[in-house]
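Quick note, the sequences are listed as chains B and E, same order. Quick note on our numbering: the first sequence kicks off at 1 and runs consecutively. Quick note on our numbering: the second sequence kicks off at 1 and runs consecutively.
Be careful, since some hints might not be right.
As the list claims (entries may be wrong) - No more than 20 Å apart at the CA atoms, straight line, and that leaves these computed lysine-lysine pairs for PhoX-like:
1. B/138 with B/79
2. B/248 with E/313
3. B/392 with B/426
4. E/254 with B/135
5. B/13 with E/96
6. B/353 with B/248
7. B/248 with E/254
8. B/138 with B/26
9. B/138 with B/71
10. B/443 with E/96
11. B/26 with B/79
12. B/504 with E/96
13. B/7 with E/96
14. B/135 with B/79
15. B/353 with B/326
16. E/254 with B/142
17. E/311 with B/248
18. B/402 with B/479
19. B/26 with B/13
20. E/96 with B/479
21. B/77 with E/35
22. B/479 with B/504
23. B/426 with B/402
24. E/96 with B/79
25. E/254 with B/138
Quick caveat, the hints were computed from the structure, so don't treat them as lab data. Keep in mind the model is a prediction, meaning the values are calculated, not measured.
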Amino acid sequence: MVEVERKNGEYVKIEQRFTSWRDLLKPVTEKDFKPGFYHYPILKRDAEELGIPYRDWDPLEPDWHLPEGWKETFLNKFKELLEKHRQFKVFMDICVRCGACADKCHYYLGTGDPKNMPVARAELLRSIYRRYFTKAGKIFGKWAGARDLTEDVIKELYYYLYQCSLCRRCSAFCPYGIDTADIVWRGREMLQSIGTVQRFSYISIAACARTGNHLGLLPGGMAASLRNAAEDIYDITGVEIEVPINKKGADILFVAPSGDYFATPHWYALMGYLMLFHELEERYGFTYTWSTYAGEGGNFGTFASYELAQKLSHKIYEAAEKLGVKWILGGECGHMWRDKHQFMATMNYPPPKTLEDPVNPITGTYFENAAEAKIVHIAEFVADLIEHKKIKLDKSRNDHWKVTFHDSCNPARGMGLYEEPRYVIKNVCNYFYEMPEHTIREKTYCCGSGGGLLTDEVMELRMRGGMPRAMAVRHVHRKYGVNFLCTICAIDKAAFPHLFEFWKIPVEVGGMMELVGNALILSDEEQERELDLRGDPLPGKGGEE
Amino acid sequence: MSLVYLKLFVADVLPYIAGVIFIIGTLNRIINWAKSPVALKIPTTCGQQKTLPFIRRTWEDRLDSPYTMLETIGRMILEVFLFRSLFRNTRYWLDKQRGVDTRWLWLFALAFHYSLLIIVLRHLRFFTNPIPGFLSWINVLDGQVAVVPSLYVTGILALVALFWLWARRILCSRERNISYPADHLILALVAGILITGNLMRYIFKVDLYAVKEVALGIVSFHPVSAAVVNQIGWIFFIHLTLVCVTIAYLPFSKVMHFAGVFFSSTRNMPNDNRAHIHINPWNPPYHGITWEEYYEMYKDQLDEIAENGYKVKPEV
Numbered sequence: 001m002v003e004v005e006r007k008n009g010e011y012v013k014i015e016q017r018f019t020s021w022r023d024l025l026k027p028v029t030e031k032d033f034k035p036g037f038y039h040y041p042i043l044k045r046d047a048e049e050l051g052i053p054y055r056d057w058d059p060l061e062p063d064w065h066l067p068e069g070w071k072e073t074f075l076n077k078f079k080e081l082l083e084k085h086r087q088f089k090v091f092m093d094i095c096v097r098c099g100a101c102a103d104k105c106h107y108y109l110g111t112g113d114p115k116n117m118p119v120a121r122a123e124l125l126r127s128i129y130r131r132y133f134t135k136a137g138k139i140f141g142k143w144a145g146a147r148d149l150t151e152d153v154i155k156e157l158y159y160y161l162y163q164c165s166l167c168r169r170c171s172a173f174c175p176y177g178i179d180t181a182d183i184v185w186r187g188r189e190m191l192q193s194i195g196t197v198q199r200f201s202y203i204s205i206a207a208c209a210r211t212g213n214h215l216g217l218l219p220g221g222m223a224a225s226l227r228n229a230a231e232d233i234y235d236i237t238g239v240e241i242e243v244p245i246n247k248k249g250a251d252i253l254f255v256a257p258s259g260d261y262f263a264t265p266h267w268y269a270l271m272g273y274l275m276l277f278h279e280l281e282e283r284y285g286f287t288y289t290w291s292t293y294a295g296e297g298g299n300f301g302t303f304a305s306y307e308l309a310q311k312l313s314h315k316i317y318e319a320a321e322k323l324g325v326k327w328i329l330g331g332e333c334g335h336m337w338r339d340k341h342q343f344m345a346t347m348n349y350p351p352p353k354t355l356e357d358p359v360n361p362i363t364g365t366y367f368e369n370a371a372e373a374k375i376v377h378i379a380e381f382v383a384d385l386i387e388h389k390k391i392k393l394d395k396s397r398n399d400h401w402k403v404t405f406h407d408s409c410n411p412a413r414g415m416g417l418y419e420e421p422r423y424v425i426k427n428v429c430n431y432f433y434e435m436p437e438h439t440i441r442e443k444t445y446c447c448g449s450g451g452g453l454l455t456d457e458v459m460e461l462r463m464r465g466g467m468p469r470a471m472a473v474r475h476v477h478r479k480y481g482v483n484f485l486c487t488i489c490a491i492d493k494a495a496f497p498h499l500f501e502f503w504k505i506p507v508e509v510g511g512m513m514e515l516v517g518n519a520l521i522l523s524d525e526e527q528e529r530e531l532d533l534r535g536d537p538l539p540g541k542g543g544e545e
Numbered sequence: 001m002s003l004v005y006l007k008l009f010v011a012d013v014l015p016y017i018a019g020v021i022f023i024i025g026t027l028n029r030i031i032n033w034a035k036s037p038v039a040l041k042i043p044t045t046c047g048q049q050k051t052l053p054f055i056r057r058t059w060e061d062r063l064d065s066p067y068t069m070l071e072t073i074g075r076m077i078l079e080v081f082l083f084r085s086l087f088r089n090t091r092y093w094l095d096k097q098r099g100v101d102t103r104w105l106w107l108f109a110l111a112f113h114y115s116l117l118i119i120v121l122r123h124l125r126f127f128t129n130p131i132p133g134f135l136s137w138i139n140v141l142d143g144q145v146a147v148v149p150s151l152y153v154t155g156i157l158a159l160v161a162l163f164w165l166w167a168r169r170i171l172c173s174r175e176r177n178i179s180y181p182a183d184h185l186i187l188a189l190v191a192g193i194l195i196t197g198n199l200m201r202y203i204f205k206v207d208l209y210a211v212k213e214v215a216l217g218i219v220s221f222h223p224v225s226a227a228v229v230n231q232i233g234w235i236f237f238i239h240l241t242l243v244c245v246t247i248a249y250l251p252f253s254k255v256m257h258f259a260g261v262f263f264s265s266t267r268n269m270p271n272d273n274r275a276h277i278h279i280n281p282w283n284p285p286y287h288g289i290t291w292e293e294y295y296e297m298y299k300d301q302l303d304e305i306a307e308n309g310y311k312v313k314p315e316v
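One chain only, chain B, in its complex shape (with noise of 0.2 Å):
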């Protein structure tokens, strides 16, 4: 048993139990669930909306009231997904067992549950697979390490596949690059064809299908929250922002999180959003709109099944297409870019023909790498304007913050997106110290609370499994003071404040756009600048008066 510091004197216990391979195969039931590790059950309004069979019951209850002929159809779809994905069924068939991947994974970390490293949680589904799609596994049973697939089994599935946040640190490390994420991601599909999936991501998905963000917002909401950010920029700044919102035959469709259109810190980022493009629409005559319908950058779906995703990524380009624009600039979210970097433009194949090349219409710069999907990382856009000297910047305005970068693991792992925030951040403050080796780029930590896991009610899952990151922090904070932690991911901003309150890290948790916002130089502003976009004063500002 080991013990971590949270503060003085308060220590989180962090026990490894480790039995035999038997207990691999000894499924994990509501006996044991422990609070704070389980999810509720999804609703019956989202479920009936989403097509989803839906039943009423208790993950704490023994009897799960399973749907009838709930074995056939979870292997039918277990069979079919076999059909449908070639990795799927390479994952089920290669995986040695070396252990490479077991203390990659900060839920097995913070845990010490050895059911939460990736091999075992691979093991969940690849015992079914090995026990009806395998010959050894229909003969040896559990000496081929096949198990059959029980009302227990699927208790485990159901507790084990939402304790992962997809985050693939553990497939970076994989000698057969087995990705944890995906076979979670089907195992989650099958669980789904019978009814048993988690509340909260079920929520966002039923709400951005009907309304276009994960939030529910309806359109006059997302208009009064964008003009409530722009209000919050003339008190700060004294520059009147005009926001366009479905505006036809603009340039460029920006879509971001829907958690920017309320939460803090993302507020602060989407102020930086604003006031970037007011600054580009004055100087360069720059144009671009926002999207009701497509109000949403993220997607909840890729956490649930490919179909899923599907319905909300397609509306980004169904709305570029009606909007008249030439191409697609996403902003700051984790899961959204593994979405529109390697999922969206397969899923809804083709692009629409409307879409013009990705080039920057200030700087001329073609994105070449967005070349067919059209969609450009907002620190891809920000980077290239920097470079090009199109934006005037006061780094100093930054200086009370001293910053840290946290790669976000789905830019990071599934998009290899790591020099252009770092190019960005540097740009527009004078303090940057990265956290150690070990915890960024590819081998960064997850938050604790991706993959459809930023609900309350796993709050010490979210807590435990945020612990690597949480360290990282606090070495960076207690070697060079740093205060500020940025990052390129909604959950992230909503997970942190979280994760360093109960770890008890003095450090803020902001976005890149935020430290853009602050530095960049409005044309059209009057007054000298004295607060930051979080009112508070400007260094050498305000505390003079």
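Following the hints, put chain E in place on chain B, whose structure we already have.
Just chain E now, kept in the frame of chain B:
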């Protein structure tokens, strides 16, 4: 009497049974994988993507996050021949809450696999007549340790590495927890092959000319006679039986990773998703609310945005 028949069975029949099971089983597996389409392009990007010209992208980035076909092949070569991902391995010290590089698994895995490869190549001299030059060179290079007969380094190294890997599964609690009987079985089989092989070379020596006759007989489909097998000691037949059992077992075991790694979508695909869209052959049509339906649903609010000129302004 019966022992001769047993020996003849092992020398003349068993290798064919094992070979047929291996070839059909392996092809079956590979065809089975290939039958499923690749729905999504999901490379694990362990390096900087190709992007703006002024963004630094080192050769490591190119190999860990390949953009072109050539870079992707480079990544696969590194993965298959040098175990790139294992080289990245770290160990997390929970008590200090930090990770450190740990390359022991990489080192012993590499030693094990390469030793086995060289051992297999060394054995080719039994199956070829005349022996190709490069095979002789392998024997010479491998046999640099001067004892009589010259000690083959790989024979010992493979055994050492194997026992290190096995000890890891038995002594380390984490690895013990995830080791199935099958994981021990394959190690036991290979250990048996290596031990009998080494014993045969250094202690219970067998008639190598007769062994070569058996080997050539197998590959030329000329079964050897009882007179030949009677010249060879019993240990050879144990060795050969273990080899045949192992070969026949491979298609049903995790050893299929040797073929599966080539099918791994996170490694064998370039990170050029947005530049070259991957096409999913079974991509379903979109089911959901269209732009027009959406407009009907929220007509009032959308019209209000339109009335305001498709924009919002701060109220100041």
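Structure-based check of each hint:
Our distance criterion of 20 Å between C-alpha atoms is met by residue 138 of chain B and residue 79 of chain B, whose separation comes to about 16 Å. A hinted pair counts as satisfied when its Cα atoms are at most 20 Å apart, and residue 248 of chain B with residue 313 of chain E qualifies at roughly 18 Å. Under the criterion of a C-alpha separation no larger than 20 Å, the hint pairing residue 392 of chain B with residue 426 of chain B is consistent with the structure, at around 14 Å. Among the hinted pairs, residue 254 of chain E with residue 135 of chain B is consistent with the structure: their alpha-carbon atoms are about 14 Å apart, no more than 20 Å.
For the suggested pair residue 13 of chain B and residue 96 of chain E, the alpha carbons sit about 14 Å apart, so the restraint of at most 20 Å is met. Taking the CA atoms of residue 353 of chain B and residue 248 of chain B, the gap is about 16 Å. The hint holds against a cut of 20 Å. Taking the CA atoms of residue 248 of chain B and residue 254 of chain E, the gap is near 56 Å; set against the 20 Å cutoff, the hint is violated. Distance restraint check for residue 138 of chain B and residue 26 of chain B: the Cα-Cα separation of roughly 17 Å lies within the 20 Å cut-off, and the hinted pair is therefore satisfied.
Annotation: proposed proximity of residue 138 of chain B to residue 71 of chain B holds, straight-line Cα distance about 17 Å (limit 20 Å). A C-alpha spacing of about 18 Å is found between residue 443 of chain B and residue 96 of chain E, which places the hinted pair at or below 20 Å, so the restraint holds. The straight-line distance between the Cα atoms of residue 26 of chain B and residue 79 of chain B is roughly 23 Å, outside the 20 Å bound, and the hint therefore fails. For a cut-off of 20 Å, the pair hint linking residue 504 of chain B to residue 96 of chain E stands: about 17 Å separates their Cα positions.
At most 20 Å may separate the alpha-carbon atoms for a hinted pair to count; residue 7 of chain B and residue 96 of chain E meet this at roughly 15 Å. Between residue 135 of chain B and residue 79 of chain B the alpha-carbon distance is near 15 Å, which keeps this suggested pair within the 20 Å criterion. Using a Cα cut-off of 20 Å, the hinted pair residue 353 of chain B and residue 326 of chain B holds, with the two alpha carbons roughly 10 Å apart. A C-alpha spacing of about 16 Å is found between residue 254 of chain E and residue 142 of chain B, which places the hinted pair at or below 20 Å, so the restraint holds.
Of the supplied pair hints, the one linking residue 311 of chain E and residue 248 of chain B holds, its CA atoms being roughly 11 Å apart against a limit of 20 Å. With a C-alpha separation of about 11 Å, the suggested pair residue 402 of chain B and residue 479 of chain B falls inside the 20 Å cut-off, and the hint holds. With a C-alpha separation of about 25 Å, the suggested pairing of residue 26 of chain B with residue 13 of chain B is violated against the 20 Å cut-off. Our distance criterion of 20 Å between C-alpha atoms is met by residue 96 of chain E and residue 479 of chain B, whose separation comes to about 16 Å.
Distance hint between residue 77 of chain B and residue 35 of chain E is fulfilled; the C-alpha atoms sit about 17 Å from each other, no more than 20 Å. Taking the CA atoms of residue 479 of chain B and residue 504 of chain B, the gap is about 16 Å. The hint holds against a cut of 20 Å. Distance restraint check for residue 426 of chain B and residue 402 of chain B: the Cα-Cα separation of roughly 11 Å lies within the 20 Å cut-off, and the hinted pair is therefore satisfied. Distance check on the hinted pair: residue 96 of chain E and residue 79 of chain B sit about 44 Å apart at the alpha-carbon level, beyond 20 Å; violated.
For the given pair, residue 254 of chain E sits about 16 Å from residue 138 of chain B by alpha-carbon distance, which is consistent with the 20 Å threshold.
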